[in-house]
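To get the numbering used here, take the position in the sequence shown, counting from 1, and add 573.
Keep in mind that the hints are not guaranteed to be accurate.
To be verified - Computed cross-link-like contacts, PhoX-like style, restricted to lysine-lysine with a CA-CA straight-line distance of at most 25 Å:
id: 1; residue 1: K603; residue 2: K646
id: 2; residue 1: K608; residue 2: K653
id: 3; residue 1: K591; residue 2: K603
id: 4; residue 1: K608; residue 2: K646
id: 5; residue 1: K599; residue 2: K653
id: 6; residue 1: K646; residue 2: K599
id: 7; residue 1: K603; residue 2: K653
id: 8; residue 1: K653; residue 2: K591
What the hints assert, rightly or not - Pair ranges (Cβ atoms, derived):
id: 9; residue 1: T659; residue 2: D617; range: 24 to 32 Å
id: 10; residue 1: I638; residue 2: I618; range: 26 to 34 Å
id: 11; residue 1: D651; residue 2: D609; range: 25 to 33 Å
id: 12; residue 1: T614; residue 2: D590; range: 24 to 32 Å
id: 13; residue 1: D617; residue 2: E592; range: 12 to 20 Å
id: 14; residue 1: T659; residue 2: R631; range: 25 to 33 Å
id: 15; residue 1: S607; residue 2: R631; range: 17 to 25 Å
In case anyone wonders, no lab produced these hints; they're calculated from the structure.
Virtual Cβ for every residue (Gly too), placed ideally from N, Cα, C.
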Amino acid sequence: MFFLYNLNLCLVRTSIDKEFIISFGKNLRKLRESKDMSMQTLADITNIEYSQISRIERGLINTSIGITYEISKALEIDIKELFNFTIDKK
574 MFFLYNLNLC
584 LVRTSIDKEF
594 IISFGKNLRK
604 LRESKDMSMQ
614 TLADITNIEY
624 SQISRIERGL
634 INTSIGITYE
644 ISKALEIDIK
654 ELFNFTIDKK
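Starting from the given sequences, assemble the full structure and let the hints guide the process.
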């Protein structure tokens, strides 16, 4: 299955890949909300489009390590916290 967003080609090979991306997005949303930060504020701080943050949080797209790093800096957390989750298996 291929998704094309903002000229980024993302390949979701298996259901575990999709589950990982969804779980990552849910964890990002939880961390952002725990900082009382809106998606728009995160977008402004990171210079990442609001719509891209929304798609990441909803598990619609994969993201790069560079964007992950920028998000961790904006949230003032260690990047490892973004990966501290259990994969939701359906």
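The hints, checked one at a time:
1. K603 - K646: holds (16 Å)
2. K608 - K653: holds (16 Å)
3. K591 - K603: Distance of about 18 Å is within 25 Å: holds.
4. K608 - K646: holds (13 Å)
5. K599 - K653: holds (15 Å)
6. K646 - K599: holds (18 Å)
7. K603 - K653: Holds. K603 to K653 sits at ~14 Å (cutoff 25 Å).
8. K653 - K591: Distance of about 20 Å is within 25 Å: holds.
9. T659 - D617: 24 to 32 Å: Hint holds: Cβ distance 31 Å, inside 24 to 32 Å.
10. I638 - I618: 26 to 34 Å: Given range 26 to 34 Å: violated, Cβ gap about 18 Å.
11. D651 - D609: 25 to 33 Å: violated (19 Å)
12. T614 - D590: 24 to 32 Å: holds (29 Å)
13. D617 - E592: 12 to 20 Å: violated (30 Å)
14. T659 - R631: 25 to 33 Å: violated (18 Å)
15. S607 - R631: 17 to 25 Å: holds (18 Å)
In summary, the structure is inconsistent with hints 10, 11, 13, 14 from the numbered list given earlier, while agreeing with the others.
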